[in-house]
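Visitor: Chain residues, written in single-letter form:
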Amino acid sequence: MTSSDLQLISTQQVLRQLTIVWADFESRLLQVPIIFRAINNQLQLEDYRRLLADHYHQVKEGSGWICRAASSITEPYLEQRAVFIGHATTEHQDYKMLERCYQATGGDINELHKQDKNIGSEALSAWMYYKASQPNPFDLIGAMFIIEGLGKQFAQTFAEALQHNMGISVEQLEFYTYHAEHDEAHLDELEAILNTGILTIPNIRHEIIRTAKVTARLYLLQLEELGNY
Amino acid sequence: MTDVFITGVGKCLPGKPVSNDEISAIIGKISDRSDSLGAATLRKNGIKKRYYALTANGDYTHTNAQMAAEAIHAAFAHAKRSPDSADYLATSTTQGDYLVPGFASAVHGELGIPPLELASFQSVCASSLMAAKSAWLAVRTHEARLAVASGSEFSSRWFQPGFYQPFYNESSKPDPELEFLRWTLSDGAGAMVFEPEPKPQGISLRVDWIKQKSFADRFPPCMYAGAASNKTTNNQPWNLYNSPAEAYQAGAIALKQDFTLLYKMFPAWVGYYLELLDKYQLDPNDIDYFLPHYSAQSLGQEMKKLLIKTGAMIPEERWFSNLVHCGNTGTASIFIMLDELVKTQPLTAGQKILCFVPESGRGICSFMHLSVFDNN
Numbered sequence: 000m001t002s003s004d005l006q007l008i009s010t011q012q013v014l015r016q017l018t019i020v021w022a023d024f025e026s027r028l029l030q031v032p033i034i035f036r037a038i039n040n041q042l043q044l045e046d047y048r049r050l051l052a053d054h055y056h057q058v059k060e061g062s063g064w065i066c067r068a069a070s071s072i073t074e075p076y077l078e079q080r081a082v083f084i085g086h087a088t089t090e091h092q093d094y095k096m097l098e099r100c101y102q103a104t105g106g107d108i109n110e111l112h113k114q115d116k117n118i119g120s121e122a123l124s125a126w127m128y129y130k131a132s133q134p135n136p137f138d139l140i141g142a143m144f145i146i147e148g149l150g151k152q153f154a155q156t157f158a159e160a161l162q163h164n165m166g167i168s169v170e171q172l173e174f175y176t177y178h179a180e181h182d183e184a185h186l187d188e189l190e191a192i193l194n195t196g197i198l199t200i201p202n203i204r205h206e207i208i209r210t211a212k213v214t215a216r217l218y219l220l221q222l223e224e225l226g227n228y
Numbered sequence: 580m581t582d583v584f585i586t587g588v589g590k591c592l593p594g595k596p597v598s599n600d601e602i603s604a605i606i607g608k609i610s611d612r613s614d615s616l617g618a619a620t621l622r623k624n625g626i627k628k629r630y631y632a633l634t635a636n637g638d639y640t641h642t643n644a645q646m647a648a649e650a651i652h653a654a655f656a657h658a659k660r661s662p663d664s665a666d667y668l669a670t671s672t673t674q675g676d677y678l679v680p681g682f683a684s685a686v687h688g689e690l691g692i693p694p695l696e697l698a699s700f701q702s703v704c705a706s707s708l709m710a711a712k713s714a715w716l717a718v719r720t721h722e723a724r725l726a727v728a729s730g731s732e733f734s735s736r737w738f739q740p741g742f743y744q745p746f747y748n749e750s751s752k753p754d755p756e757l758e759f760l761r762w763t764l765s766d767g768a769g770a771m772v773f774e775p776e777p778k779p780q781g782i783s784l785r786v787d788w789i790k791q792k793s794f795a796d797r798f799p800p801c802m803y804a805g806a807a808s809n810k811t812t813n814n815q816p817w818n819l820y821n822s823p824a825e826a827y828q829a830g831a832i833a834l835k836q837d838f839t840l841l842y843k844m845f846p847a848w849v850g851y852y853l854e855l856l857d858k859y860q861l862d863p864n865d866i867d868y869f870l871p872h873y874s875a876q877s878l879g880q881e882m883k884k885l886l887i888k889t890g891a892m893i894p895e896e897r898w899f900s901n902l903v904h905c906g907n908t909g910t911a912s913i914f915i916m917l918d919e920l921v922k923t924q925p926l927t928a929g930q931k932i933l934c935f936v937p938e939s940g941r942g943i944c945s946f947m948h949l950s951v952f953d954n955n
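Chains as they are written, first to last, in our numbering: chain A, 0 to 228; chain B, 580 to 955.
Careful: at least some of the hints might be erroneous.
Below are the DSS-like pairs computed for lysine-lysine, each with C-alpha atoms no more than 30 angstroms apart in a straight line [said to hold, decoys possible]:
id : chain 1 : residue 1 : chain 2 : residue 2
1  : A       : K151      : B       : K835
2  : A       : K151      : B       : K792
3  : B       : K595      : B       : K608
4  : A       : K151      : B       : K623
5  : A       : K212      : B       : K858
6  : A       : K212      : B       : K883
7  : B       : K628      : B       : K883
8  : B       : K835      : B       : K792
9  : A       : K212      : B       : K790
10 : A       : K212      : B       : K888
11 : B       : K792      : B       : K858
12 : A       : K151      : B       : K810
13 : B       : K627      : B       : K883
14 : B       : K858      : B       : K790
15 : B       : K659      : B       : K623
16 : B       : K608      : B       : K627
17 : A       : K151      : B       : K883
18 : B       : K888      : A       : K151
19 : B       : K931      : B       : K858
20 : B       : K595      : B       : K627
21 : B       : K884      : A       : K151
Quick caveat, the hints were computed from the structure, so don't treat them as lab data.
Assemble the whole structure, with the sequences as input and the hints as a guide.
Guide: Encoded structure:
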């Protein structure tokens, strides 16, 4: 077996473990009260506005912790640092889209800016920054797999349910439909970064999966604790 | 615990194969619009032939229990064993002929064999491997010496226009939740005989493991009958109405499929498959035949991509299915597929077979892993 075969196998094994974590959490999404109620046609516009408000911090801070992670990456991984920086740049303006949706639902932008994090969001944010502050925090690939994957799936489930049940407008949904339609390439990007040799870092495979599990739980917590500040 | 072998397989496909343009004559016509939705469904599921225990003049050729009994007799004949020596019978079906008592009793009655131990399994497609597992374990633990498991369905009786009339008439817009199943499911039965030794001559299949996982903790009912809706606000069971007639009027009797939910189950099933690959250290390239109880078309591109990226995809040329010419017979399908595999394919000792039965009922995922034994 050549070293590139071995690398492919270890990448596949990590993606396999990540997919198992992702599948479990994605199906648990349906039980989160906000999704459960959306599917059962029990939501009102104010519930949706609250979701946008409580999601806001995560979206705004996403590129923040990715930049922090980039700054924690040292030699010999500067190539990978460039990928993190690129990723942060792509996502940096997403919060503006969310702000537009919030205003389209009749929300006051000043209120949104003053909004506290809910307690789940607080835990998720603290965890992401803590992880990003560790040296060479490549275990955050596990977090990205969950946030990108769950984000896309959640967006799709939620956007569909709201369109069916609430007759919500395209402008009000822009943020979620955008994420449901984009983010397709994330699997390729993650695979590419796993293939750059980082899997030879001691214990990193275990840490990637563990970080994915914790992140997934905290992501759900953020949705479970809507309105609890 | 002892090794256990499948020594006989059998099936019952009632009547003559029914082509796509003959379906309406059997299951009846609701409206022209419903027929055109049916044609679209058939293009999607790719089924060209199927069998029905109903006839065009409204009679039935078999009951569900009679189809099961016929398949069981065929499996015993293939195993060269007398059905009279069986000491364990496990049956599976989505809906038996009677509401009460259990389906295994009906099948035992039809078989005309001496008293034996019974188990009735009722679910949609996954009840097949529940019955198989029960028969396998009975022999494995020396509780039984000769066990048989069956899967059988009489789906077509659900699809008569009368089942839909209270809320669905000629001028109604066709409802895909109802129409999909109407044009997809058909009738049939299959069975397998389990013994502690392989056949003295010919091919036997050793059962290596059977595993299933239910995800009902996270999914509401997806394919269901007996409630007007699967939404929390309106899911009163049919027998809690004031009368069966009232339940029927409320639409609580028809069989339905919630598509949005169906697609949400795929990742959970893929996750479970990956878990089992790891648990049993299986290399997908070592599987010689993969028998999926659903059409390849419905394997979403996204899922396929994920399987390829995780090194978990079984090469498509190793997929074996008779969906196109036997139809989708629910819990009977995996038995009918195995019957055809054993009787038509050149199986050789040591080959590995993986059966996959995902159930949309309320999210159950099942697998059975077999090894080929040859005493020729």
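Visitor: Take the hints in turn and mark each one as holding or not.
Guide: Structure-based check of all given hints:
{"no.": "1", "hint": "K151(A) with K835(B)", "result": "holds, 28 angstroms"}
{"no.": "2", "hint": "K151(A) with K792(B)", "result": "holds, 25 angstroms"}
{"no.": "3", "hint": "K595(B) with K608(B)", "result": "holds, 20 angstroms"}
{"no.": "4", "hint": "K151(A) with K623(B)", "result": "holds, 26 angstroms"}
{"no.": "5", "hint": "K212(A) with K858(B)", "result": "holds, 19 angstroms"}
{"no.": "6", "hint": "K212(A) with K883(B)", "result": "holds, 23 angstroms"}
{"no.": "7", "hint": "K628(B) with K883(B)", "result": "holds, 27 angstroms"}
{"no.": "8", "hint": "K835(B) with K792(B)", "result": "holds, 23 angstroms"}
{"no.": "9", "hint": "K212(A) with K790(B)", "result": "holds, 24 angstroms"}
{"no.": "10", "hint": "K212(A) with K888(B)", "result": "holds, 20 angstroms"}
{"no.": "11", "hint": "K792(B) with K858(B)", "result": "holds, 14 angstroms"}
{"no.": "12", "hint": "K151(A) with K810(B)", "result": "holds, 24 angstroms"}
{"no.": "13", "hint": "K627(B) with K883(B)", "result": "holds, 25 angstroms"}
{"no.": "14", "hint": "K858(B) with K790(B)", "result": "holds, 11 angstroms"}
{"no.": "15", "hint": "K659(B) with K623(B)", "result": "violated, 40 angstroms"}
{"no.": "16", "hint": "K608(B) with K627(B)", "result": "holds, 19 angstroms"}
{"no.": "17", "hint": "K151(A) with K883(B)", "result": "holds, 17 angstroms"}
{"no.": "18", "hint": "K888(B) with K151(A)", "result": "holds, 18 angstroms"}
{"no.": "19", "hint": "K931(B) with K858(B)", "result": "holds, 17 angstroms"}
{"no.": "20", "hint": "K595(B) with K627(B)", "result": "holds, 13 angstroms"}
{"no.": "21", "hint": "K884(B) with K151(A)", "result": "holds, 16 angstroms"}
In summary, the one numbered hint that this structure violates is 15.
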